[in-house]
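*Asks:* In case you want the letters, here they are:
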Amino acid sequence: MGELIAFVVLGAIAVAAGIAVVVVRNPVHSALFLVVNFFCLAVLFLVLSAEFVAALQVLVYAGAIMVLFLFVIMLLNVAGVFESQRDPLRSQRGLAVCLGLGLLAEVLAIAVSGAARLPSGGGTLPQDFGSPTLVGLLLYSQYVFPFEAVSVLLLIAMVGVVVLTKRSV
Amino acid sequence: MPFDVTELVIAIVKALVVFVALLSIVPVLIWMERKVIADIQIRIGPNRAGPFGLLQPLADAIKLIFKENIITQGADKVVYFFAPAVSMVPAIITFAVVPFGDTAHILGRKVLLQVADVNIGILYILALSSLGVYGIVLAGWSSNNKYSLLGGVRSSAQMISYELPLGLALVGPVLLSGSLSLREMINAQGRAGVWFIVPQFLAFAVYLISGFAETNRAPFDLPEAEQELTAGYHTEYSSFRFALFYMAEYVNMVTVGAVATTIFLGGWRGPFGNIVILQPVWFLVKLFAILYFFIWVRGTLPRLRYDKLMKLGWKVLLPLALLNLMVTATVKALAPQSAIPIMSVLSLVLVAIGVIALTIISARSTRTPASGLREPSAEGAFYTWES
Amino acid sequence: MTVTDELITSESFDRLLAEAKALSRREEGREITLKCEPAEIVRLAGVFRDDPELRFSFLSDIVYVDHYGQPGNGARFELIYRAYNLDDYRRIHIRVPVPDGQSVDSVAGIWPAANWYEREAFDLMGFRFANHPDPRRILLPSAFAGHPLRKDFPIGGEEVQFSVNWGEIEPQETMLDQCFEGMTWKEYVERGDDIETEAGASPLRKWAEEDRMIINMGPQHPSTHGVLRLALALEGETVLDAACDIGFLHTGIEKSAEQLMFQQALTLTDRMDYAGPLGDNLAYVLSVEKLLGIEVPPRAQALRVMLAELTRIASHLLFLGTHALELGAVSVFLYCFQDREQILDIFELASGVRLMTSYINIGGLRDDIPEGFSAKVREFLEYLPPKLVEYHALLTRNPIWLERTRGVGVISVEDGIRMGVSGANIRGSGLKWDVRKAWPYSGYENYDFEIPTGSNGDVYDRYLVRMEEMRQSLRIVRQALDNLPGGDYRISDYKIVLPPRDRLAVSMEAVIHHFLVASRGFDVPAGDAYVSTESARGEMGFHVVSHGGPKPWRMKMRPPSFATLQALPKMVTGGMLADVVATVGSIDIILGEVDR
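Residue numbers (this note's numbering), protein chains in the order written: chain A, 3 to 171; chain B, 4 to 390; chain C, 7 to 602.
Chain A extracted, bound-state conformation:
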């Protein structure tokens, strides 16, 4: 029961914040709403006993990535630019709506089809569910290939950034 209340409340806040990210005109406010969204997700993870993922969610997304977002927004001072101008990418609006609806349909489909396969009545969790040890073991055994692939991908991205910025100087 408690979990349901938590889910409803947090879900509502998360959705509201998500909508606000898109709707609000000030980019700093948008970024802040995204942080709120991340927080709700982190707490949802906590409710699901995935403490490790929750901590990473806060640490990586809220603590590092969004700070960098804010950093860039502040440094370029885009707030004024955005507020004064009209949407520069007007032509993409239709496409964005289509893609968004597509994504929504996809998620709904997965949710509906997945719900059927869930065990009914709720089982008990193993003792060390979501613990760092378990996550680590999974990452480095079963999912070692995707894990390494992602790290290489990130490395490529980083090298690309360095190359691009150096060239422009």
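Rather than coming from a laboratory, the hints here were simulated on the basis of the structure. Computed from a predicted structure; not experimentally measured. For every residue, glycine included, the Cβ atom is placed at its ideal position computed from N, Cα and C. You may find that some hints are simply not true.
So the derived label-pair ranges between C-beta atoms look like this [what the hints assert, rightly or not]:
1. A:Tyr142 x B:Phe275: 27 to 33 Å
2. B:Arg46 x C:Met514: 34 to 40 Å
3. A:Thr167 x B:Gly77: 30 to 36 Å
4. A:Gly116 x B:Val288: 51 to 57 Å
5. B:Lys318 x C:Glu347: 42 to 48 Å
6. A:Leu50 x B:Ile15: 21 to 27 Å
7. A:Arg119 x B:Ala14: 45 to 51 Å
8. B:Val288 x C:Arg384: 37 to 43 Å
9. A:Tyr142 x B:Arg46: 54 to 60 Å
10. B:Val12 x C:Thr244: 28 to 34 Å
Place chains B and C on chain A using the hints.
*Replies:* Relative to the frame of chain A, chains B and C by itself:
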């Protein structure tokens, strides 16, 4: 899980106790800082309010609260309003996972002397400390002041850069203890019979230096460098909101010190450590030793420049932290049982090399002038006085 | 020594130049005076700067005088360009008579230091300089009406324009035609702050148009040593360009001096360089004494040297403390202030005043040193050296200090000379020029001391030079104290100095002298004199013009900080924001002296 009202009450009481204790450490710390700095600078320091000026922080707080609350023209009011709170809250709730004692038996119940024993304690601390930057960044941005903005930009870059070595430095002790829980780490230090400062000295040094940067303390106090940015991100703040920033800085200091105490200095362990009442005392003694070090450094060193600060973080501290991590992991993998003794020996060798190198460098540098300054007098040495 | 009274015109240019050259080769030609008509000044300046035999590369100052209503002068105004050859310490004064309303060609293209000197001459006396790169007011606000150093400028009683009587009073003249073309006075005032901001940062306007961040450091900023306003164009934290805005502390000292008797004007000099008041006392007094043609007794000379050197130490301690404070080393600041207190105690012992002493008087000192003075100074001579060692230990090898100061705020000797930089600042770049050695005064030639020089011209070298200068000053003080002559502490011409107090009871003559000197002062022969001294900040001197009578006709000072500040944008451009603070601290400016 059966719902236990008593557990809830105990948890609330513990949280309240820690909260109040933390907030009362802050004035003591402020007083101590002012006294110690005054001592370093051959001044008397606060001595009017109360005995030895002990009530000075209280007087300051009262003064601040009664000041006018100024909101600058063109400020983003909502963000401006929330920024001090955003910087204060993570600073305080980080303390929830820090154990300040072992298990006490109160009224026939076992009570952990810790608000919450989370099995991901260190991650929790890192996650929250990474949030502290929001308060500063948002304060800088929302003030509609260029100095504030520069302070905010500086702090966001600085904190992101120093979080990496800070986090990586903590991985070494984690590897040695095999747990992310702070309580478990203290127990591991007890089992090993040696504080982790010995096998993980490099990590301790990196952690402490990064801690200076994370808490915006001198010599890394660039976000609020008075002489450059007037007051940095809190230039426009006044009254209680300023007080919140001021307190958050000290609470952060306490937190960084407490984590260092727990992970590297054996936490509440000490002589007669099995007496429960002594455990918080030992914890406080070690904590204040580290805080004293913080203050001492502030009274001694000039401030770094922004680009040098970045260089230090990325080119010195991060590689050092990575090196420490690699060596520790290797040792741990090769000799899981005797990892701590081996690392201790390596640490001692490292410290010895460092001391010798420093001695040589300082001996050399007193022989030759550091600049191309032409010898100004026939006697040569411009840095000593011959009577 | 004047080459000839003949005016250099386009016809006589070559002939008189050859004469000047011939004279400058001789020993008595170390200091020569020329007269030149306005049209030829740029040509003459170019020759004097570039001719390999002359090489007068350093423009010390441009003195501007209004001879309003004085007989015997052809033109109402006069400009005196004072330039130095710093290879063998020769000086030249080029006097240019300027009739009312005539514009003069700017020499800023020859000597870049002239930029601010000419702006000042325009601002305060209304000279028009043709082809000036930046024809704006400098000390007074852009909206100021008139040029206050003109003798016909009303000095009291005139109504001031406030918002209540705005329409009733017409401002006499404004500079708007020059500064803001096409803007009326009313528009100017209505736009107020905006236009001032733009004007102060006008060299930065192009950056503002490129959307770079323009940040105003000061006039209320903890690290600008007073009310200096620095407008900086920033890219991130890198300084793209900088512009100084000064004059916030302008109190019209030069104008005030014209209303006071010579001995009263002395008190104004204390207020300029408030970190080293005795140095300014000395500079002023020397010029007046040169006009009077008097020589002070040896005891007074030695005491003056001692006090001037103590002042230099006090000033350098202030520099060290504030400089370290600005780089974040707060403790050093308090240590230095503690040491400085000892010197102020010595001043208090001698004069009864800690800061604005006015102790060095025309004709000697105001009083003889009291009992216990020597012991106190000796105590200080023992006290300071270990402290200096301590500061070296705290800072000189400190890696953070080295990182913050080395290679920061660099200025080369050539640039420094072009911009008029003097004192420890140019010595930090490597030029071994100290007025105490180049043109000794007050018997400095009798003392044994070294001139420390740096080589990189960065903040660190300027810091080291000043650290060493303190040590050298201690040496001088020790020598002065050891060889302190007996005798009188001032001249005994009671037409110039007050007669001793005890004589008043017994001598009617003394009473008359006392009354005359105190109430109407003493006449100073007509003429002008300039004596340059080495103050703690650089070449300091007063160009005193007298037309007879007890009051100075004109007192033009050469504040070293003013010229040094002009070079600041060059030093900070390309550095970082934090370097600006380090550089401003390292050039050791005093805004009271810049703005006076």
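*Asks:* Give a verdict on every hint.
*Replies:* Structure-based check of each hint:
1. One distance hint, 27 to 33 Å for the beta-carbon pair A:Tyr142 and B:Phe275, is violated here, with the actual separation near 43 Å.
2. As the Cβ distance of B:Arg46 to C:Met514 is approximately 57 Å, the hint placing it in 34 to 40 Å is violated.
3. For the hinted restraint 30 to 36 Å between A:Thr167 and B:Gly77, the CB-CB distance of approximately 32 Å keeps it satisfied.
4. Distance hint check: the CB atoms of A:Gly116 and B:Val288 are about 55 Å apart, consistent with the given range 51 to 57 Å.
5. Restraint check, B:Lys318 to C:Glu347: a C-beta distance of roughly 43 Å satisfies the suggested window 42 to 48 Å.
6. Hint check: A:Leu50 to B:Ile15, Cβ distance near 25 Å, so the stated range 21 to 27 Å holds.
7. For A:Arg119 and B:Ala14, the hinted distance range of 45 to 51 Å is not satisfied, since their beta carbons lie about 38 Å from each other.
8. Restraint check, B:Val288 to C:Arg384: a C-beta distance of roughly 48 Å breaks the suggested window 37 to 43 Å.
9. Range check, A:Tyr142 to B:Arg46: Cβ separation about 57 Å, and the 54 to 60 Å hint holds.
10. Distance hint for B:Val12 and C:Thr244: a CB-CB separation of about 58 Å, inconsistent with the stated range 28 to 34 Å.
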